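First to last, the protein sequences are chains A and B. Here the working numbering is used: the first residue of the first sequence is 1, the next is one more, and so on. Here the working numbering is used: the first residue of the second sequence is 1, the next is one more, and so on.
None of these hints come from the bench; they were simulated from the model. Incorrect hints may have been included.
Dumping the calculated DSS-like pairs for lysine-lysine here, alpha-carbon to alpha-carbon at most 27 angstroms [what the hints assert, rightly or not]:
| id | chain 1 | residue 1 | chain 2 | residue 2 |
| --- | --- | --- | --- | --- |
| 1 | B | Lys88 | A | Lys94 |
| 2 | A | Lys94 | B | Lys79 |
| 3 | A | Lys94 | B | Lys214 |
| 4 | A | Lys9 | B | Lys79 |
| 5 | B | Lys88 | A | Lys80 |
| 6 | B | Lys372 | B | Lys459 |
| 7 | A | Lys94 | B | Lys130 |
| 8 | B | Lys254 | A | Lys94 |
| 9 | B | Lys88 | A | Lys9 |
| 10 | B | Lys130 | A | Lys80 |
| 11 | B | Lys459 | B | Lys408 |
From a predicted model like this one, the values you see are computed outputs, not experimental measurements.
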Amino acid sequence: MSFTTDTVKRTASLARLALPEADLAHVAQQLEGILVLIEKLSAVPTEGVEIMAHPLELQQPLREDRADGRDLAGRDIYLKNAPVSADGLFLVPKVIE
Amino acid sequence: MSWEVVIGLEVHVQLNTQSKIFCSCPTRYGAEPNLHTCPVCLALPGALPVLNAAAVDKAIAFGLAVGAEINRRSIFARKNYFYPDLPKGYQISQYEIPIVGRGQLLLTLADGTEKVVGITRAHLEEDAGKSLHEAFSAETGIDLNRAGTPLLEIVSEPDMRSPSEAVAYLKKLHALVRYLDISDGNMQEGSFRCDANVSLRRAGEPFGTRAEIKNLNSFRFLEKAIEYEMERQQDILESGGKVVQETRLFDANKGETRSMRSKEEANDYRYFPDPDLLPLVLEESHIETVRASLPELPDAKKQRFMEAYGLPAYDAGVLTSSRALADYYEVVAEGLDAKLAANWLMGDLLGALNRSGAEIESCPVPAGQMRKLLQRIQDETISGKIAKEVFDVLFEQGADVDDIIERKGLRQITDPAAIARLIDEVLAKNPGQVADYRAGKDKLFGFFVGQAMKASQGKANPEQLNRILRERLDQPS
Chain A
1 MSFTTDTVKR TASLARLALP EADLAHVAQQ LEGILVLIEK LSAVPTEGVE IMAHPLELQQ
61 PLREDRADGR DLAGRDIYLK NAPVSADGLF LVPKVIE
Chain B
1 MSWEVVIGLE VHVQLNTQSK IFCSCPTRYG AEPNLHTCPV CLALPGALPV LNAAAVDKAI
61 AFGLAVGAEI NRRSIFARKN YFYPDLPKGY QISQYEIPIV GRGQLLLTLA DGTEKVVGIT
121 RAHLEEDAGK SLHEAFSAET GIDLNRAGTP LLEIVSEPDM RSPSEAVAYL KKLHALVRYL
181 DISDGNMQEG SFRCDANVSL RRAGEPFGTR AEIKNLNSFR FLEKAIEYEM ERQQDILESG
241 GKVVQETRLF DANKGETRSM RSKEEANDYR YFPDPDLLPL VLEESHIETV RASLPELPDA
301 KKQRFMEAYG LPAYDAGVLT SSRALADYYE VVAEGLDAKL AANWLMGDLL GALNRSGAEI
361 ESCPVPAGQM RKLLQRIQDE TISGKIAKEV FDVLFEQGAD VDDIIERKGL RQITDPAAIA
421 RLIDEVLAKN PGQVADYRAG KDKLFGFFVG QAMKASQGKA NPEQLNRILR ERLDQPS
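Excised from the complex, chain A in its bound form:
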């Protein structure tokens, strides 16, 4: 498979990466190299092997459904992580559907 500059553009857009136009060809080449490497994996016989989501032989522990109290002082500390906040809300540049 070949990684075209269009594919690079689309992938970058999905990942919200701003790639300069001038870098597209170069990045396409690099990704192509990675894909060639990944392609080699298809040579491994995997028929009948169950898909492995996790390498560990562990299962998900469960938490009892209990709500802990929260207070505004704590909330305000979290809000300080944001560049802008007001009225208890995080503010971001306007997004409208």
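Based on the hints, put chain B in the right spot on chain A.
Leaving out everything else, chain B in the frame of chain A:
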């Protein structure tokens, strides 16, 4: 040849747990913005999700109720997309192996026929936060209280063939989650939301290209949106065009759907297993414990109402359409005339609730009072007609049935002598009509009944009134 619509629904049900799905923040609606947040649901570095046991149990309960396979091992996956109210940049969901597999739901349609709709799957996931676009001019406010609230997404097969079938499916599903007490089902607050996949085809041909309509938070909007979409697609197809597969938003004010262009590019979610969460493994005993805790479900309850109370299928269906209404009915009908109780609930009570915009849960007439009202009809303290008067007072002002009857002097007149007096007065006032009746104008009987009933202010016992009136009229003058 006409078009056939093909509809599949995806329903997001907010599970009514105390805490969020992966952290111990409260899920209560309507708190101060961002009060119910913590490092986990804010996606601060290093925070790890831990799965809520109650969310798992509620998902299992749903799966058992629709006769679905419960997967003994299911996997959480990351669904990647960017939006400001999704702090992690991905939503934790389930993709390849959901907790609930194939099941089915039995619908009773308006004409009384039954239809089975397949359920493809149901999976656990977390809700996103809320974006507030109105409050600020150049910015969007983000409230993450809802972020991390447990959702069960229920996906149907494309089995529905009309807007009314889609509504019937959604209503049945809504009743079911309320019966199971896995969600409050509050559509205004967004606890029960629906997306519809709609396409058209010529009957018997393969499925056409579908559009996905989002933002349907009422039964009526679902119906309107599908109707609009059917017309839109028919216009495109009949003018030789092609329907584009896309996400559309329903605008309730305009009653139309419109394209969400911003979503076109975002449909590549790049799912992969979430390394922060291990596979969810369920023991047989765990599933059986949930099964043992299931309440009586709508279909079983309907069957029991038909057998135990001798109700017709239609009545039993209406009365078991919500668990609260069914419980109310059982209190009212116990030991009384079951059909009388059914008629009163389906006619007078549901009608009054409907007119006042209230639900059975907030019904101003307690079941005990409703029962007392029907007892007073059965023991002939009041007539059915007077009972309607008492009911209106009961519904508007509350109070006790017996007090209302006494206070308003509505007690039925059952004394034959008193009724005979009323009748004699009426006959004395209308000698002409009496003569006509006796000369063969039988129809006048109703006139006398009406006059005598009016004279008694509606309180005369109807059977006695009829009997005594006939005796008086038939005896020679």
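Results of checking the hints against the structure:
{"no.": "1", "hint": "B:Lys88 to A:Lys94", "result": "holds (19 angstroms)"}
{"no.": "2", "hint": "A:Lys94 to B:Lys79", "result": "holds (23 angstroms)"}
{"no.": "3", "hint": "A:Lys94 to B:Lys214", "result": "holds (21 angstroms)"}
{"no.": "4", "hint": "A:Lys9 to B:Lys79", "result": "holds (21 angstroms)"}
{"no.": "5", "hint": "B:Lys88 to A:Lys80", "result": "holds (18 angstroms)"}
{"no.": "6", "hint": "B:Lys372 to B:Lys459", "result": "holds (18 angstroms)"}
{"no.": "7", "hint": "A:Lys94 to B:Lys130", "result": "holds (13 angstroms)"}
{"no.": "8", "hint": "B:Lys254 to A:Lys94", "result": "holds (24 angstroms)"}
{"no.": "9", "hint": "B:Lys88 to A:Lys9", "result": "holds (23 angstroms)"}
{"no.": "10", "hint": "B:Lys130 to A:Lys80", "result": "holds (19 angstroms)"}
{"no.": "11", "hint": "B:Lys459 to B:Lys408", "result": "holds (11 angstroms)"}
Hint compliance for this structure: every hint is met.
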